[in-house]
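Given the sequences, and given the hints that come with them, work out the whole structure.
Taken in sequence, the protein lines are chains A and B.
Here the first sequence stands for residues 417 to 699, where the numbers follow the numbering used here.
Here the second sequence stands for residues 2 to 69, where the numbers follow the numbering used here.
None of these hints come from the bench; they were simulated from the model.
Here a beta-carbon is modelled for each residue, glycine too, at the ideal position from N, C-alpha and C.
Among the hints, a few may not be true.
Anything over 12 Å on all C-beta distances counts as not near chain B; from chain A, calculated [unchecked claim]:
#, residue
1, Ile486
2, Ala497
3, Lys500
4, Tyr529
5, His549
6, Ser678
Below, a list of computed lysine-lysine pairs in the DSS-like style, where the Cα atoms sit at most 27 Å apart [claimed, not checked]:
#, chain 1, residue 1, chain 2, residue 2
7, A, Lys509, B, Lys61
8, A, Lys553, A, Lys532
9, A, Lys609, A, Lys553
10, A, Lys500, B, Lys64
11, A, Lys609, A, Lys500
12, A, Lys609, A, Lys532
13, A, Lys509, A, Lys609
14, A, Lys525, A, Lys553
15, A, Lys665, B, Lys62
16, B, Lys61, A, Lys500
17, A, Lys665, A, Lys500
18, A, Lys541, A, Lys609
19, A, Lys541, A, Lys553
20, A, Lys509, B, Lys62
21, A, Lys662, A, Lys509
22, B, Lys64, A, Lys509
23, A, Lys509, A, Lys525
24, A, Lys500, B, Lys62
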Amino acid sequence: MDIPYTVLPRRDTGLYNAKLGIWLFLASEVMLFGALFSSYILLRVGAYPGAWPHGILNVPIGTVNTMVLICSSVTVVLGWAALKANNFARYRKLQAITIVCSMMFVCIKSYEYYDKFTHYEVVLKDGRVIDGHLIEKVGGGQMVNGVRQHPESIILHGVEFPAEMKAAGMAKVPLMERLAGEHGGHGSHVEHKEYTIAWSDTARVQNYGPWHNTYLAIYFTMTGLHALHVIGGALVMGWIWGPGAKLWKTDPERYTNRVEVSGLFWHFVDLVWIFLFPILYLL
Amino acid sequence: MSLKAFHVIFITSAFLLSAFLGGWCLLEFSNSRRVGDLLLGLLSLAGSVGLVVYGRYFLKKLKNIDYF
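Here is the structure:
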């Protein structure tokens, strides 16, 4: 028995089933991301004046990732157009580029995450703050009663801030502003050098993971969820491009519709990034 | 809404982002005087022009496909 309306539109909706289904799904996705964007706005307007960090993300890397996603959207739609023109070989090439772009995006995002997870802020017992990237952890690391032991010392490449900044209560503000110079944002360039810090001298050691501050928590939540969507979209498109391509021989119109539906999802994912990039990297 | 219509919305959004990024980078350059900011700003503005050109090409190429 044939499944109805896989190719032709229903008279009541004017859409074939899969297109109606994807738009309903995208409506739920709008609510999901809408809630997160609303959370971001509330967290940001609720922060103390001047306390919201700026410039701790790398704008050129974010721009490259944005370009990669825009390119992937172009290739996905041109691939669909190629199928509409009955040119399967061209579709295959264009969709392969889309899948490569999606993998590039995930790789670049992973690099950005790695950069944050190896970026440490160390508060010393005398109040000084050393902020920089981890070079090495010396000693320690062994498991004792199921607990991993601290290293004896850590070596960072970064900058040092005087104790008065921490004592000022709003230490994060000037720190972030000075870091902006380091990461390609506004502000002046800060000279970096290597620091070897004994663990016994530290009061707090924390990397720039989601636990570091509210900004990074919402950054990792939103970009992590978005990256999962990119991976999911790439898997679906990869399946349609590879094993699922047999359908082209038996039912080309239905296959073209599948490509359109996956393309709609992909455009939604890319559109989310078009909004994520300026709010997280620029504003 | 078809993929064609969604793509038009997407390219319009990408154009707006690219123009905004260009302006943002040039504003940064006016404060920092860093060549990187200037290059990224000019590249973004060039990208926004490129997106307009591509948009026109796209509409011409897919004129036989409807928006729904």
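Inset, instruction - Just double-check Tyr529(A) for me: nearest Cβ-Cβ distance to chain B has to come out over 12 Å. - result: Since the minimum Cβ distance to chain B is about 22 Å, Tyr529(A) lies beyond 12 Å and the statement holds.
Inset, instruction - For the pair supplied as a hint, Lys541(A) and Lys553(A), confirm whether the alpha-carbon distance does not exceed 27 Å. - result: Judged against 27 Å, a Cα distance of about 19 Å means the pair holds.
Legend entry - Lys665(A) paired with Lys500(A) [C-alpha distance capped at 27 Å]: The hint holds at about 14 Å.
Legend entry - Holds or violated: Lys509(A) to Lys61(B), with C-alpha atoms at most 27 Å apart: OK: Lys509(A) and Lys61(B) at ~22 Å, within 27 Å.
Legend entry - Pair hint Lys509(A) and Lys609(A), alpha-carbon separation not exceeding 27 Å: Distance ~47 Å between Lys509(A) and Lys609(A) Cα, so the pair is violated.
Inset, instruction - Please work out if Lys525(A) and Lys553(A) have their alpha carbons no farther apart than 27 Å. - result: holds, 25 Å
Legend entry - Holds or violated: Lys662(A) to Lys509(A), with C-alpha atoms at most 27 Å apart: This hinted pair holds, its Cα atoms lying about 16 Å apart.
Inset, instruction - Sort out whether Lys553(A) lies within 27 Å of Lys609(A), counting only the CA atoms. - result: holds, 17 Å
Legend entry - Restraint status (C-alpha distance of Lys509(A) to Lys62(B) at most 27 Å): OK: Lys509(A) and Lys62(B) at ~18 Å, within 27 Å.
Inset, instruction - Could you check that no beta carbon of chain B comes within 12 Å of the beta carbon of His549(A)? - result: Label holds. Min Cβ-Cβ 20 Å, cutoff 12 Å.
Inset, instruction - Compare the distance between the alpha carbons of Lys61(B) and Lys500(A) with 27 Å, and conclude whether the hinted pair is satisfied. - result: holds, 15 Å
Inset, instruction - Assess, step by step, whether the Cα of Lys541(A) is no farther than 27 Å from the Cα of Lys609(A), and give holds or violated. - result: holds, 20 Å
In this structure, the earlier hints numbered 1, 2, 3, 6, 11, 13 are contradicted, and the remaining ones agree with it.
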